[in-house]
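Here is how the chains run, residue by residue.
Number of protein chains: 2
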Amino acid sequence: MALSKTIEHQLNHRTYRELVDEPLDPQIIHELLEVARQTATSTGKQQASIIRVTDPELKKEIAKVSNQEYVGRSPELWIFIVDIARNAQIAEEHGMSVDKAINTSRFFAGYADAVLMVQNVYNAVESLGLGGVILASILNDVDRIIELLQLPKYTYPALGLSFGKPNQNPQLKPRMDMKFRVFENSYKTIDKISEALADYDEVMTQYYDLRDANRRVDSFTQQVLTSFEEDSSKRQRNLEIAKAQGFNFDVE
Amino acid sequence: MALSKTIEHQLNHRTYRELVDEPLDPQIIHELLEVARQTATSTGKQQASIIRVTDPELKKEIAKVSNQEYVGRSPELWIFIVDIARNAQIAEEHGMSVDKAINTSRFFAGYADAVLMVQNVYNAVESLGLGGVILASILNDVDRIIELLQLPKYTYPALGLSFGKPNQNPQLKPRMDMKFRVFENSYKTIDKISEALADYDEVMTQYYDLRDANRRVDSFTQQVLTSFEEDSSKRQRNLEIAKAQGFNFDVE
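Protein chains in written order, with the working numbering: chain A, 1 to 252; chain B, 1 to 252.
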């Protein structure tokens, strides 16, 4: 029995990719946007925004970037963006030049604002018995996302969130024990981590991933090894793309 | 009346800097760590970790970096870090060389994992009638945080979270209307944003910020202008520091 209803939902968190093809009540959308509004924001600057994608053709184009077909069928697809453009415009309307000031600090302030907002909305979604999936896969081709959503200078996409009424019933995905991830006062490297994770690896191979036609998945250790073998270079240019969007990462 | 108890808490989100100087029930800590454990994580890789700071002297040193005295008195101070070190170690134990693979994509995957975890834990905290404050101020001197927490190669601090039983009663901080922050299908620049925000500016000047001896605060527009006048260059080196921690941002 969890200590709160919120925590009960959090401990039951699952990823739902398959969602019922029907619109959500506008009152729900309104309230989720109010949750987004009240999310903690660095120094109150509110440097994140949301693009709500309702155009079916646009969803399909984003699905291509994500390389996830189900994104094109998402009942609610929200793209959370770092948005310094609004505050930059305020400064420019007051005659200030802000070019150099849209810097590393602001980029990460906006990035944190956007990601905090994703999780806050996601918790609200789950509290209503709905579900969804966070999409980092939009970062596979940031140039294309910028083009599709017409993102101006001083903005940058952080994450997407697809949500709605679940249309599948996935198992709770096993996670490693927090003793491997929480340290007191200073970081502790765990000796022979691969061996230490043997029990977790065993549990993971018992888990059925609905994505893969109900087949069992690789151990965690094997998943990690495979991921290092894969080429993840397609996102390697993303800081360069952020620079092209006007973010100043230069060190003098 | 909110649509869920979770949302009711979220709509009442406030920042609590002053917390009662007493330890939280160990059961609460345990459950918050389980919430952290179940947080959504990019491709299941669990590339974020937590340093729980319990040493009073260490808290004071972190407070100096944050330049926020109350951080040194925090009953619970957690630093959430990007942690690719664990998975890199797994690969190295299997004879793989991962240097170049700890790249931009992995950095942002870990960064998102860490920030999602902050908000998820924060929502759990608030659901228990507790409160706290997210600390981006630890990023003022990342080198020092790395030294203090002995953060190894392939790790990087993302955000801190101070929480406990609130010892103050702040007003709900006004936020701009979401019509300025939510766009359908494509980004829309709002003409004359400074004028459009006049009503919000008026509301903001009615708000009392407990931090400033109960004086009223500047309008939002004025806060933005002031922030652009201030020097935020101390965080400008942070991507360089991440590079020094082993993250490969090079574009070939």
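Everything labelled a hint here was simulated from the structure, so no lab data went into it. Bear in mind that the values here come from a model prediction, so they are computed numbers and not experimental data. From the three backbone atoms N, C-alpha and C, an ideal C-beta is built for every residue, glycine too. Accuracy of the hints is not assured; some may be wrong.
Simulated crosslink set (EDC-like; lysine to aspartate or glutamate; CA at most 16 angstroms straight-line) [said to hold, decoys possible]: (1) Lys5(B) x Asp177(A); (2) Lys59(B) x Glu184(A); (3) Lys234(B) x Glu252(A); (4) Lys45(B) x Glu34(A); (5) Lys188(B) x Glu147(A); (6) Lys100(A) x Glu57(B); (7) Lys45(A) x Asp143(B); (8) Lys60(B) x Asp21(B); (9) Lys179(A) x Glu34(B); (10) Lys5(A) x Glu34(B); (11) Lys173(A) x Glu230(A); (12) Lys243(B) x Asp177(B); (13) Lys45(A) x Asp21(B); (14) Lys45(B) x Glu184(A); (15) Lys234(B) x Asp250(A); (16) Lys243(B) x Asp250(A); (17) Lys243(B) x Glu229(B).
Here chain B is said to cover these stretches of chain A; the calculated rule only asks that three of the stretch's residues, wherever they fall, bring their Cβ under 8 angstroms from a Cβ of chain B [stated by the list, open to error]: (18) 7-18; (19) 56-62; (20) 75-88; (21) 94-103; (22) 159-168; (23) 236-245.
Only some residues are given here: those of chain B computed to face chain A with a beta carbon under 7 angstroms [what the hints assert, rightly or not]: (24) Ile7; (25) Glu8; (26) Val35; (27) Ser105; (28) Gln119; (29) Ser186.
Here's how the hints hold up against the structure:
no.: 1; hint: Lys5(B) x Asp177(A); in the structure: 29 angstroms, violated
no.: 2; hint: Lys59(B) x Glu184(A); in the structure: 12 angstroms, holds
no.: 3; hint: Lys234(B) x Glu252(A); in the structure: 11 angstroms, holds
no.: 4; hint: Lys45(B) x Glu34(A); in the structure: 31 angstroms, violated
no.: 5; hint: Lys188(B) x Glu147(A); in the structure: 13 angstroms, holds
no.: 6; hint: Lys100(A) x Glu57(B); in the structure: 37 angstroms, violated
no.: 7; hint: Lys45(A) x Asp143(B); in the structure: 25 angstroms, violated
no.: 8; hint: Lys60(B) x Asp21(B); in the structure: 15 angstroms, holds
no.: 9; hint: Lys179(A) x Glu34(B); in the structure: 11 angstroms, holds
no.: 10; hint: Lys5(A) x Glu34(B); in the structure: 14 angstroms, holds
no.: 11; hint: Lys173(A) x Glu230(A); in the structure: 23 angstroms, violated
no.: 12; hint: Lys243(B) x Asp177(B); in the structure: 38 angstroms, violated
no.: 13; hint: Lys45(A) x Asp21(B); in the structure: 30 angstroms, violated
no.: 14; hint: Lys45(B) x Glu184(A); in the structure: 22 angstroms, violated
no.: 15; hint: Lys234(B) x Asp250(A); in the structure: 12 angstroms, holds
no.: 16; hint: Lys243(B) x Asp250(A); in the structure: 14 angstroms, holds
no.: 17; hint: Lys243(B) x Glu229(B); in the structure: 28 angstroms, violated
no.: 18; hint: 7-18; in the structure: holds (count 7)
no.: 19; hint: 56-62; in the structure: violated (count 1)
no.: 20; hint: 75-88; in the structure: holds (count 5)
no.: 21; hint: 94-103; in the structure: holds (count 5)
no.: 22; hint: 159-168; in the structure: violated (count 1)
no.: 23; hint: 236-245; in the structure: holds (count 5)
no.: 24; hint: Ile7; in the structure: 5 angstroms, holds
no.: 25; hint: Glu8; in the structure: 9 angstroms, violated
no.: 26; hint: Val35; in the structure: 5 angstroms, holds
no.: 27; hint: Ser105; in the structure: 4 angstroms, holds
no.: 28; hint: Gln119; in the structure: 4 angstroms, holds
no.: 29; hint: Ser186; in the structure: 4 angstroms, holds
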